[in-house]
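Take these sequences, add in the hints, and give me the full structure.
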Amino acid sequence: MPILIAPDARIIVQGMTGKAGTFYTRLAMEYGYGDTGGYVAGVTPDKGGSTHLGLPMFDTVREAVAETTPTASIIMVPAPVAADAMLEAIEAAIPTVVCVTERIPVLDMVRVRDALRGSETALVGPNSQGILIPGARKIGVMSTADAAPGDIGIAARSASLTSEVVARLGAAGLGQSTTVGIGGDPIHGIGFAQCLALYRDDPHTSAVVLIGELGGVEEEEAADFLAAEPYGKPVVALLVGRHAPEDRRMGHAGTVSVLGSGSIAQKTALLESTGVRIAATPDDVVRALG
Amino acid sequence: MYLHEAHAKDLLARYDIPLPEGQIARSPEEAADYATALGGPVAVKALIHAGGRGLAGGVHIAQTPREARDHAAAMIGTSLVTAQTRSKGEIVHEVYIERALDFSRSLYLSLIIDQRRAVPILLAAAEGGTYLEEYAAAAPAMIQKYPLAADGSHNPAALATFLDMLGVPESHSEAVLTIIESLIRAFIDSDATLIEVNPLALLKDGTATAIDAKIILDDNALFRHPDLAAYGDTARADAVETLAQQNEINFVRMDGEIGLVVNGAGLGLATHDMVIEAGGRPANFMDIRTMATAQQIATGIGLLLDDPGVRVLLVNVHGGGMTTCDRISDALVLAMKGRKNPAPVIFRVAGQNAAEARAAVEALSARCMIPGDMTEAVRLAVTEVAQCPS
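Just so you know, the protein sequences line up as chains L and A, in that order. Whatever position you read off the first sequence (first residue = 1), add 135 for my numbering. Whatever position you read off the second sequence (first residue = 1), add 654 for my numbering.
It is worth saying that the hints were derived from the structure and are not from the lab. Glycine is no exception: its CB is placed at the ideal position from the N, C-alpha and C atoms. There could be a bad hint or two in this list.
As the list claims (entries may be wrong) - Label pairs and their in silico Cβ distance ranges:
1. P180/L with R839/A: 30 to 40 Å
2. G425/L with T1037/A: 29 to 39 Å
3. S185/L with D960/A: 41 to 51 Å
4. S807/A with G184/L: 39 to 49 Å
5. P369/L with N809/A: 45 to 55 Å
6. S398/L with P880/A: 34 to 44 Å
7. A400/L with L755/A: 17 to 27 Å
8. L820/A with Y168/L: 53 to 63 Å
9. S398/L with G860/A: 37 to 47 Å
10. A814/A with T409/L: 33 to 43 Å
The structure is reproduced here in structure tokens:
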């Protein structure tokens, strides 16, 4: 079983008619099982009533919801309008929303996170490769060449490293229950801690791989979560950025010391103290899984 | 985008935040003239796009115009290295000449985004000044946090209590509150990710003045602030990094010999770690964005091939989506075209269309090695540099 979406998820695309939207929607429709891979509609203002890639188009998310009852949406619109697209999906109470768009203003994401408080929507991203249920549903833009169904759950801040890890798992005969890209932006939707909670409660996931990097607070929050009570499943964390150039540091040392430095050394120590096995390179992940 | 002090103060002045009188001087003579016009002691400050100047000799007090001229002459045209610049520092092109104020008490104030709470947050300390960062590293509790609502709104009475608990004297609480309100407006209006005032001087007459200011604007939001984008100093930006950006490639220049061609920030960081731990030195950090065309990637590879310091090229790409492996090999073929004695290439690809890409690279006349995995690729690159000393 996957997390965040069901294997029979019904998906709409916000921003399906653009170049990237068309390219990735076609790939995702071909990947998922069923005639349209689970895709049921597209939303682009002023395209309502037409069809694209054989799917009905709507002007608004609300209309698409009324006509096609989706359980998930993927957003592939340009950055300046991405926050509004997310807010529209949250307001329409779509259970799972994936945003692929990168370079969204951070204060826009502050606004989106505010709208998520008390809502029923789980937001994945932005700047995320999306969610993959190998063999069933692709709500994203990730490589699928090496993915296979199985019992490893992945949550990652990096799409390219997810592909690397999936390829190595595949070579070792290990498939994935779900892969989730939580996104590379400082303010985003669900994080490692929520993914860990979902994987813990998923009977078909037997181990979890987190793919983290320097900066931010995701690894720290994962450590807080794991320290609270025994997890019951092996967790491996691949952490990169040990040697990232410090001379590109911006901001304020005082700020950093108050809000956490986000260094790999700190993240490693925190996660190790909760029993997480650390992998230093993609090659180490399979070995760390044991 | 980092605003140097003069630009940061220009922005704060739009919000009526009290500032000492000051002016940008581009020569020692201008520095002396402005000091004369201000009368009395002045501060002479190096205008660079980084903090930490006070401890690095980038800020001086001049009692006379002649001293102002001498300080300006000593700084303009030289490189200033601070804890927050790159190791080679930043060349000082201009100095800021500002009336030096007499004060005995000051505060530290800043606004940033709290990643855990996903809201703007006010940070404040009862003692501002040059050494704050060092003190705070040792005793983080001296900086107090006050989270705001997502839109910057807050309860003024609660904020007043926070400042009182912090130790802001009652004589200055109203002035400080007004300044904080203005800073919050500036932060939200201009899509800042950091506004810092350190020190905020508390003057004898009950007013407060921002002695130094630092602002970082969100690059991703500049599209809606064309007026603020004008603060950017494109002339001083790294030409190679700028050209790469224009070609959908995130590129950070470094000092090593191994040129990295990588897609994805995470894989870029991982490759970087592995090269350093194998004893190599990266010439750059590269993250090819998904929308980059073969022609654009070729431009990025060309930047490395053009660099005489780059002795070997390490390609490490996981193909998928629009960035298929054969797009990378197409780019490499394009970049190699017409070059005599290009640097040898370690070509490691995996994922979509990897076999086609390897075949295309094998057909190249340049010296290319095609390793089986990342570890082997990194080892080959490091060995190659060791065997061919420059």
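For each hint, the structure was consulted:
1. The hinted window of 30 to 40 Å between P180/L and R839/A holds, with their beta carbons roughly 32 Å apart.
2. About 32 Å separates the C-beta atoms of G425/L and T1037/A, a value consistent with the hinted range of 29 to 39 Å.
3. The supplied range of 41 to 51 Å is met by S185/L and D960/A, whose beta-carbon atoms lie about 48 Å from each other.
4. Taking 39 to 49 Å as the suggested C-beta distance range, the pair S807/A and G184/L conforms, at roughly 41 Å.
5. As the Cβ distance of P369/L to N809/A is approximately 46 Å, the hint placing it in 45 to 55 Å holds.
6. For the pair S398/L and P880/A, the beta carbons lie near 36 Å from each other, so the given range of 34 to 44 Å is met.
7. Range check, A400/L to L755/A: about 41 Å between beta-carbon atoms, so the 17 to 27 Å window is missed.
8. Restraint check, L820/A to Y168/L: a C-beta distance of roughly 60 Å satisfies the suggested window 53 to 63 Å.
9. Taken as a hint, the range 37 to 47 Å holds for the pair S398/L and G860/A, whose Cβ atoms sit roughly 43 Å apart.
10. Distance hint check: the CB atoms of A814/A and T409/L are about 40 Å apart, consistent with the given range 33 to 43 Å.
In terms of the numbered hints stated before, the structure departs from hint 7 and from no other.
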